[in-house]
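**Student:** From first to last, the protein sequence lines are chains A and B. The opening residue of the first sequence carries number 1 in this note's numbering; numbering runs sequentially from there. The opening residue of the second sequence carries number 1 in this note's numbering; numbering runs sequentially from there.
These are computed hints drawn from the structure, not numbers from a lab. Here the structure is a predicted model, which is why all the values come from computation and not from measurement. Glycine included, every Cβ here is placed at the ideal spot set by N, Cα and C. Don't take every hint at face value.
What the hints assert, rightly or not - To give an idea of the chain A side of the interface with chain B (calculated C-beta under 8 Å), a few residues:
{"no.": "1", "residue": "Ser28"}
{"no.": "2", "residue": "His32"}
{"no.": "3", "residue": "Pro95"}
{"no.": "4", "residue": "Pro99"}
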Amino acid sequence: DIQMTQSPPSLSASVGDRVTFSCRASQSVSGHVSWYQQKPGRAPQLLIYAVSTLHSGVPSRFSGSGSGTEFTLTITSLQPEDVATYYCLQTYSTPFFGPGSKLEIK
Amino acid sequence: EVQLVESGGDLVQPGGALRLSCIASGFNFSDFTMNWVRQAPGKGLEWISSITTSSLTIYYADSVKGRFTVSRDNDKMSLYLQVNSLRGDDTAIYYCARLGGIGARRGDYWGPGTLVTVSS
């Protein structure tokens, strides 16, 4: 299995801040990384796929980058509605989700 | 409109069994690999099983291998998960998902989930 780790586990930031989440794979996953946003009581929603492609309807303040084993999700200007938990997912081999990063507003 | 709707979740005693179902609509079900993902209360997402279009290839997470069985009926546009020998740590919301992966331009869809509670 190719496992994913994420950091930080939680983050508190102010509206308008730039926020970055990191995800690391236990071995190279090529471009097969997606990022999901999950709000309480809701199913996860896709934000980014293929490392950096913005999913349809997702605001442009979200972006993804990375390669090989290191990947990043960035929110350029944090909005109140971005409070959620963010998960990375590799689909290079059998799917594996990272443990998640919980985002709160200060 | 693509929809996935799970059913079959219930309160069950340890050692018990359930059959979860997921009915798909709005897309050609037989063209897509389907997945089950679960989430224990207050915990993260855990992929547990995938089944390819013609059921030729099936994968399981180690945590459920030997206890859970995934299947599909393309004519009925349905995905199933037989869950046996249930344990307390199987308590979770079980999601049916069409994961987009690297090809998510074609979409990425999840059902609302069905809750399985394992308790005596």
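**Student:** A separate judgement is required for each hint: does it hold in the structure or not?
**Tutor:** Tested hints:
For Ser28/A, the shortest C-beta to C-beta distance to chain B is roughly 14 Å, which exceeds 8 Å, and the interface hint is violated. Evaluation of the His32/A hint against chain B yields a held restraint, the C-beta minimum of about 5 Å falling below 8 Å. Taking 8 Å as the C-beta cut-off, the interface hint given for Pro95/A holds, the closest approach to chain B being about 4 Å. Restraint check, Pro99/A versus chain B: the minimum CB separation of about 5 Å is within 8 Å; hint holds.
In summary, the one numbered hint that this structure violates is 1.
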